[in-house]
Every structure is written in C-alpha cells, then in structure tokens.
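Peer 1: Required output: the full structure, derived from the provided sequences and hints.
Just so we're aligned: 173 in numbering that gives the first Met the number 0 is position 174 of the sequence shown, and the numbers increase by one with no gaps anywhere.
Just so you know, the hints here were simulated from the structure itself, not pulled from any lab data.
Check each hint, because a few of them may be wrong.
Stated by the list, open to error - Within a straight-line C-alpha distance of at most 27 Å, the following computed BS3-like cross-link-like pairs (lysine-lysine) qualify:
no., residue 1, residue 2
1, Lys125, Lys21
2, Lys167, Lys209
3, Lys167, Lys101
4, Lys124, Lys166
5, Lys77, Lys87
6, Lys101, Lys166
7, Lys21, Lys41
8, Lys41, Lys9
9, Lys167, Lys125
10, Lys101, Lys124
11, Lys125, Lys166
12, Lys125, Lys101
13, Lys9, Lys124
14, Lys209, Lys101
15, Lys77, Lys124
16, Lys167, Lys124
17, Lys209, Lys166
Please read all numbers here as calculations on a predicted model, not as lab measurements.
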Amino acid sequence: MRFESVHRRKDDTTFPIEVSSKLLELDKPYLLSIVRDITERKRAEAELQILQEQLREQVLHDPLTGLYNRRYLDETIKRELTRAERNKQPVGIVMCDLDHFKLVNDTHGHLAGDEVLRVFAELLKKHARGSDIVCRFGGEEFVMFLPEMSPAVAYQRAELLRMELAKKRITLGATVIQVTASFGVAAFPENGETMDSLIRAVDAAMYQAKEEGRDRIVVSSVRAADGSAPT
Numbered sequence: 000m001r002f003e004s005v006h007r008r009k010d011d012t013t014f015p016i017e018v019s020s021k022l023l024e025l026d027k028p029y030l031l032s033i034v035r036d037i038t039e040r041k042r043a044e045a046e047l048q049i050l051q052e053q054l055r056e057q058v059l060h061d062p063l064t065g066l067y068n069r070r071y072l073d074e075t076i077k078r079e080l081t082r083a084e085r086n087k088q089p090v091g092i093v094m095c096d097l098d099h100f101k102l103v104n105d106t107h108g109h110l111a112g113d114e115v116l117r118v119f120a121e122l123l124k125k126h127a128r129g130s131d132i133v134c135r136f137g138g139e140e141f142v143m144f145l146p147e148m149s150p151a152v153a154y155q156r157a158e159l160l161r162m163e164l165a166k167k168r169i170t171l172g173a174t175v176i177q178v179t180a181s182f183g184v185a186a187f188p189e190n191g192e193t194m195d196s197l198i199r200a201v202d203a204a205m206y207q208a209k210e211e212g213r214d215r216i217v218v219s220s221v222r223a224a225d226g227s228a229p230t
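Peer 2: Dropping the structure here:
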C-alpha cells in the first residue's frame with residue numbers, strides 16, 4: 000500500500016510525504032511503513048506543470064501579437080458552434096485583412112510591419128469581450144469569433160474597428176504610417192453551420208471588400224443550406 004499525505008513538524012509547518020506500507024507475517028503480523036519526504040519531488044512536479052502550461056500557451060498563441068493562433072481557433076470553434084447550436088444562439092464571425100500590407104513592409108521594412116500588426120492586434124483586443132476569440136489567422140489576416148452576437152452587431156463591431164484603424168497614426172521614429180483594413184462578416188447559422196463553411200463565407204466577403212476598393216465591410220450573402228449565394 001502506498002499513499003501520499005502531509006506531515007506536520009513541531010513548529011507547525013508541514014511538508015509532503017509518501018508512505019509505503021507492507022504487512023509482514025513473523026511470529027505475529029507487523030505493519031512495516033517507510034515514510035519519505037517528497038518535498039523536492041513535489042516541487043519538481045509543480046515546476047514541470049508550470050512549464051507544460053507555458054509551452055501550451057506558446058503553442059496556441061501568436062508570438063508577435065499575443066493573440067490566439069489558427070491552431071487554437073481550430074481546436075475551439077467546433078466546440079463553440081456545438082454550444083451555440085444547443086442553446087440556439089447566434090455567432091458572429093469577422094475576418095479582417097490589412098490593406099496594402101506588403102507595401103508597408105517593402106517601404107518601411109519588416110520591423111515597421113511587425114509594429115503595425117501589434118498595433119492592430121491591440122485594437123482588436125481593446126474591443127473584445129471576455130467570451131470573444133480573437134486570433135491571428137495568418138500573415139496580415141485576423142479572425143474574430145463572437146459568441147451570442149447577431150450579424151448586425153458583428154457588423155457594428157467591424158465598423159468601429161475600421162473607423163478607429165483608419166484614424167490611427169503609427170509613429171516609428173520620424174516615420175508615420177497610416178493603414179486601413181478590409182472586413183468580411185458572416186454568421187452562424189445563416190451563412191454556415193461548420194467551421195469550414197463559415198470560414199469560406201467570411202473569407203469570400205472579406206475579399207469582396209478588397210475588390211470593391213478596400214477599407215470597407217462586406218456582409219456574407221452565402222446561404223448555409225448549400226453554400227451558394229442567393230440569386
């Protein structure tokens with residue numbers, strides 16, 4: 000028999016112990032118990048757990064912006080959609096892409112581009128609720144997964160972000176950078192009932208915003224039933 004417990008010292012402090020016991024049959028039964036101080040082992044286990052949690056955080060976050068990454072979105076969105084379906088609640092999806100971001104990198108350098116990404120990420124976090132999932136989807140693309148949010152309110156969120164970004168000036172030494180972004184908006188269940196269908200719908204809306212001149216918002220017109228746009 001083996002178990003862990005806590006031993007109390009004379010000064011009333013405690014430390015963890017492991018007790019191993021075995022029944023011995025001699026001239027009469029004896030219980031042999033060995034008590035080990037496992038303070039160092041417990042400390043090592045705690046440090047390992049902290050390290051594992053830190054590594055998981057690193058795996059699921061974008062190191063540049065601190066936002067969740069696409070892997071985290073992939074891991075959580077199916078569960079969130081199942082919850083939304085069970086509770087019959089809407090979900091808003093917003094995808095945004097920084098306009099002419101390659102030109103920023105080419106003109107001002109990648110350090111400037113990184114700063115633009117960080118500033119935009121902070122803007123997204125500033126307007127996120129605790130239940131929202133905000134992630135860097137890749138490159139200069141970002142996705143916001145907005146539980147219990149109607150398409151109309153998701154559009155308002157996108158418009159607020161669009162206007163704030165357009166007014167923002169990013170200063171790097173003597174250089175002042177102004178950027179805009181294009182937004183697509185889709186909703187569960189109107190525009191899709193799975194992660195893949197929703198991402199396709201919001202991605203198409205976002206690229207339509209690009210094609211229509213950038214610095215604007217397009218709401219998806221895709222129907223969830225067959226993935227087509229209404230005629």
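Peer 1: Next, verify each hint and record whether it holds.
Peer 2: Hints, verified against the model:
{"no.": "1", "hint": "Lys125 - Lys21", "in the structure": "60 Å, violated"}
{"no.": "2", "hint": "Lys167 - Lys209", "in the structure": "20 Å, holds"}
{"no.": "3", "hint": "Lys167 - Lys101", "in the structure": "19 Å, holds"}
{"no.": "4", "hint": "Lys124 - Lys166", "in the structure": "17 Å, holds"}
{"no.": "5", "hint": "Lys77 - Lys87", "in the structure": "15 Å, holds"}
{"no.": "6", "hint": "Lys101 - Lys166", "in the structure": "20 Å, holds"}
{"no.": "7", "hint": "Lys21 - Lys41", "in the structure": "24 Å, holds"}
{"no.": "8", "hint": "Lys41 - Lys9", "in the structure": "21 Å, holds"}
{"no.": "9", "hint": "Lys167 - Lys125", "in the structure": "14 Å, holds"}
{"no.": "10", "hint": "Lys101 - Lys124", "in the structure": "23 Å, holds"}
{"no.": "11", "hint": "Lys125 - Lys166", "in the structure": "16 Å, holds"}
{"no.": "12", "hint": "Lys125 - Lys101", "in the structure": "25 Å, holds"}
{"no.": "13", "hint": "Lys9 - Lys124", "in the structure": "52 Å, violated"}
{"no.": "14", "hint": "Lys209 - Lys101", "in the structure": "14 Å, holds"}
{"no.": "15", "hint": "Lys77 - Lys124", "in the structure": "22 Å, holds"}
{"no.": "16", "hint": "Lys167 - Lys124", "in the structure": "15 Å, holds"}
{"no.": "17", "hint": "Lys209 - Lys166", "in the structure": "19 Å, holds"}
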